[in-house]
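Asks: Chains as they are written, first to last, in the numbering used here: chain A, 1 to 262; chain B, 263 to 527; chain C, 528 to 804.
Since the hints were made in silico from the structure, they are not lab data.
Accuracy of the hints is not assured; some may be wrong.
Stated by the list, open to error - If you anchor each label on the Cβ, the simulated ranges turn out as follows:
#1 A:G192 - C:I571: 39 to 45 Å
#2 B:K516 - A:R254: 36 to 42 Å
#3 A:R254 - B:G420: 28 to 34 Å
#4 C:G563 - A:T30: 21 to 27 Å
#5 A:G192 - C:A603: 54 to 60 Å
#6 A:I64 - B:H474: 42 to 48 Å
#7 A:V23 - C:D637: 38 to 44 Å
The C-beta atom is built at its ideal place from N, Cα and C for all residues, glycine as well.
Here's the letter readout for the chains.
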Amino acid sequence: MKQIFTLAHIVWLEMIRQKELYVLLMLLVTLLAALLSFNVFGLAQISGYVKDMGLLAVWLLSWILTLNTAVRQLPQEEQRGTLFPLLAKPVSRLTLITGKWLGAWSIACAALACFYLTVWLAVWLKGGTFNVATLLQAILLHAAALALMSSLGVAFSTRLNQDAATVTTYLVTGAGFLLLPRIPSMLVEAKGATSYALYSIYYLFPHFELFDLRQRLIHDWAPITWVIFSELLLYATLMTVVFLSLAWLGYRKRHFSRGDIL
Amino acid sequence: MFKTCLTLTNNHGKNANMIPAIDIQQLSVSFPAPTGTVHALRNLTIAVAPGTVFGFIGPNGAGKTTTIQVLLGFQNASEGTARIFGKPVTETIAREKIGYLSENPDTYKFLTGRELLAMAGRLFNLSASEIKTRANQLLTETGLASAADRRIATYSRGMRQRICMAQALINDPDLLILDEPTGGLDPLGRMDIRRIIAERKKAGKTVFFSSHELSEVELACDRVAILSQGKLIAEGPVSELVAPGESLERYFIKAITTGLPGEQP
Amino acid sequence: MLVLSAWGLAFSLAAHLTSLPATSDSTSGIVERLLGESRQALSINLFNKADLYFHKGVGHRVTSKSLPGPFQKWQAVISPALHLHAHGTDSAEILPWLKLAMRADPHNVDAFLVASFWATTGVKLPKLSVEILNEAQRLNPGDYRIVLEQGRLAIASHQFDKALRTFESALRLQTHAPTVSLSDPDLARERALDQAEILTFLGFLHEARGERTVAIQNFRIVTTLFPERSTLKKRIDVLETGKDPQESAQSLLAHIVRKTAEDACHDEDHDHDHDAP
Chain A
1 MKQIFTLAHI VWLEMIRQKE LYVLLMLLVT LLAALLSFNV FGLAQISGYV
51 KDMGLLAVWL LSWILTLNTA VRQLPQEEQR GTLFPLLAKP VSRLTLITGK
101 WLGAWSIACA ALACFYLTVW LAVWLKGGTF NVATLLQAIL LHAAALALMS
151 SLGVAFSTRL NQDAATVTTY LVTGAGFLLL PRIPSMLVEA KGATSYALYS
201 IYYLFPHFEL FDLRQRLIHD WAPITWVIFS ELLLYATLMT VVFLSLAWLG
251 YRKRHFSRGD IL
Chain B
263 MFKTCLTLTN NHGKNANMIP AIDIQQLSVS FPAPTGTVHA LRNLTIAVAP
313 GTVFGFIGPN GAGKTTTIQV LLGFQNASEG TARIFGKPVT ETIAREKIGY
363 LSENPDTYKF LTGRELLAMA GRLFNLSASE IKTRANQLLT ETGLASAADR
413 RIATYSRGMR QRICMAQALI NDPDLLILDE PTGGLDPLGR MDIRRIIAER
463 KKAGKTVFFS SHELSEVELA CDRVAILSQG KLIAEGPVSE LVAPGESLER
513 YFIKAITTGL PGEQP
Chain C
528 MLVLSAWGLA FSLAAHLTSL PATSDSTSGI VERLLGESRQ ALSINLFNKA
578 DLYFHKGVGH RVTSKSLPGP FQKWQAVISP ALHLHAHGTD SAEILPWLKL
628 AMRADPHNVD AFLVASFWAT TGVKLPKLSV EILNEAQRLN PGDYRIVLEQ
678 GRLAIASHQF DKALRTFESA LRLQTHAPTV SLSDPDLARE RALDQAEILT
728 FLGFLHEARG ERTVAIQNFR IVTTLFPERS TLKKRIDVLE TGKDPQESAQ
778 SLLAHIVRKT AEDACHDEDH DHDHDAP
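Isolated chain A (complex conformation) (with noise of 0.2 Å):
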């Protein structure tokens, strides 16, 4: 555990002072101040706006965070050679995979607090509030998504190269939240071979639209079931596993030559 949280660490120190993370806490910053200075004709304490906005941002913010920061852990480290000290030490792959998705997904956790911090405080200038219980599941099956996705992220990195795997986590966990719920309804028409690979694609592809509680948050609506809270934690714990064996399995007997990168 101590050579995974040290491979933790490094991830949080060079992101911690490339200051990659600050950009983005701008942005969302800015962002919220213009939305904050939208003037309604003149109206006060309408706060779902910048609710749904900000929400949005952090969806958006938290994903490209997570994906770039777990997408380029492995790749990185070779191209800049710093993966040939750390294999020359007793850190096994399982190891190195398990401490830079940790690394990646624990950075990114801390970056969503902030964000949904920094959300929270423009709605309460606004005059509005969330349901805490509510708010309290969204952050955390929010975590829960961002883990899968940098799994996957780091699973698709042991295999491409950095840019190849970039686009692909991307349009994988896009489709994650944009196709698949639709699949069901594309199913009603659906036929032949069509109707296989889309059945293939509900089936294998990671669910991320169910780890977005975002309509419930902006529409003050009541958390749900902790039954259901927590097999959606479970679900989101089972994939990240799954993931990160495959990752293991890609990278295991990954061969690397330092007069590959000369």
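Using the hints, position chains B and C against chain A.
Replies: The following block gives chains B and C in isolation, referenced to the frame of chain A:
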């Protein structure tokens, strides 16, 4: 004239019935390439006794780096075995007593020198107090004490090489593997590396290094192995390989150009 | 040769396209110019967002296949399926989206009309409603729907003379409105309904002024358009006999314009359950 000496000897010249620091048996590495299969190593057998400074020389593409990559687990062998202190190199535990320094000082530039050493120590599962003591000692030895809390990004190339060396020594390794350690270094930097090798030797540790700098090898090594086109063509103590009045460089050129008299079984 | 002809064709197309006049008008701001024609799609999207807010985040039901596995069950729990409507101050939350829809496409008249409706019924600011409609009219001077809404507002504020003039103006505009798109049966029916509404209002307004003949003329056109309107036919009969109807024209006018939030959820949108929250 050419000799292949596979007897395990330490730096004091005694036969030793001990576990070799490095034990490579019939090692072959090949991989597919657009022009056909490339044989990077063919049936390489070497044993390095503990406490030896072992030089690994050969022209470009001879297979030196491939051998080191197999020893460190970066690459897998196509055939044969490699062990470090009796443990197969495919197992993580084999790297517990290793220190490694490459030609390029590749490291995390966003860390400070001290943080890098702490990180390396934790990866070797050292305790916090051990890390602190070793880091301070190494920073002093490498002349980086005053720059310890500066980001590595601000270091010169020579300083980076020294912090990488300090990192390689954080666990006081029984086997130090150096891949072209003096490449790109100024004379002062080379002197540092030479001093560190001498200190390791004095402490009874094993040093295995590849180099193009034959004068360095001649000065520092107890034994050398010469590799050409993936094959071992000579191996033994420098004093036995090189005739009186001859230099290792002259011997090396002759060995490379005249064939493979000491071919491995 | 093939390459040369393809290049020639591409060049002619490019030349033709670049010679087309720009479609932006004087009302376009930087954002509108940047978005180009896509602003219409954006505006529709923002308008739909307002609809989603009206239904408290519950989207329209889509026919879908029931699939084994937990995903649909989880989805059903996450996305609320009750049919609720925004009430009182909640309805103010709809307005930002409508304002954005108006900004994205100043010719999205529906956005102005709905915003005006919620300004009156939701946040109880009839003045704001008037301002919105004035702005809509400035940007879309020929659109009778805006004038029709202004007429409704005039009735709601008991300015009956103003309402009469406004409805007459709306009727003139509708008569002169382009008929090209009337090949769309839905649009044609909407036009007919609007025309009937204007004429009904005009009928009651004339009736309230004692101008029974004109009122009967207006009501007759409506019954010609929609013969199933038996209540209106009965009223014509009463007016023709010279008797006073049971309910006065003024109280009927007030009743007609008193729309509720429930009325705003059109029948064709009823694809979700009306359950208690």
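Asks: Does each hint fit the structure? Answer for all of them.
Replies: For each hint, the structure was consulted:
1. Roughly 33 Å separates the CB atoms of G192 (chain A) and I571 (chain C), a value that falls outside the hinted 39 to 45 Å.
2. The supplied range of 36 to 42 Å is met by K516 (chain B) and R254 (chain A), whose beta-carbon atoms lie about 40 Å from each other.
3. Remark: the range hint 28 to 34 Å for R254 (chain A) to G420 (chain B) is upheld by a beta-carbon distance near 33 Å.
4. In this structure, G563 (chain C) and T30 (chain A) meet the distance hint of 21 to 27 Å, their C-beta atoms being roughly 24 Å apart.
5. For G192 (chain A) and A603 (chain C), the Cβ-Cβ distance of about 28 Å falls outside the hinted range of 54 to 60 Å, so the restraint is violated.
6. Roughly 45 Å separates the CB atoms of I64 (chain A) and H474 (chain B), a value that falls within the hinted 42 to 48 Å.
7. About 39 Å separates the C-beta atoms of V23 (chain A) and D637 (chain C), a value consistent with the hinted range of 38 to 44 Å.
Consistency note: the structure conflicts with the earlier hints numbered 1 and 5.
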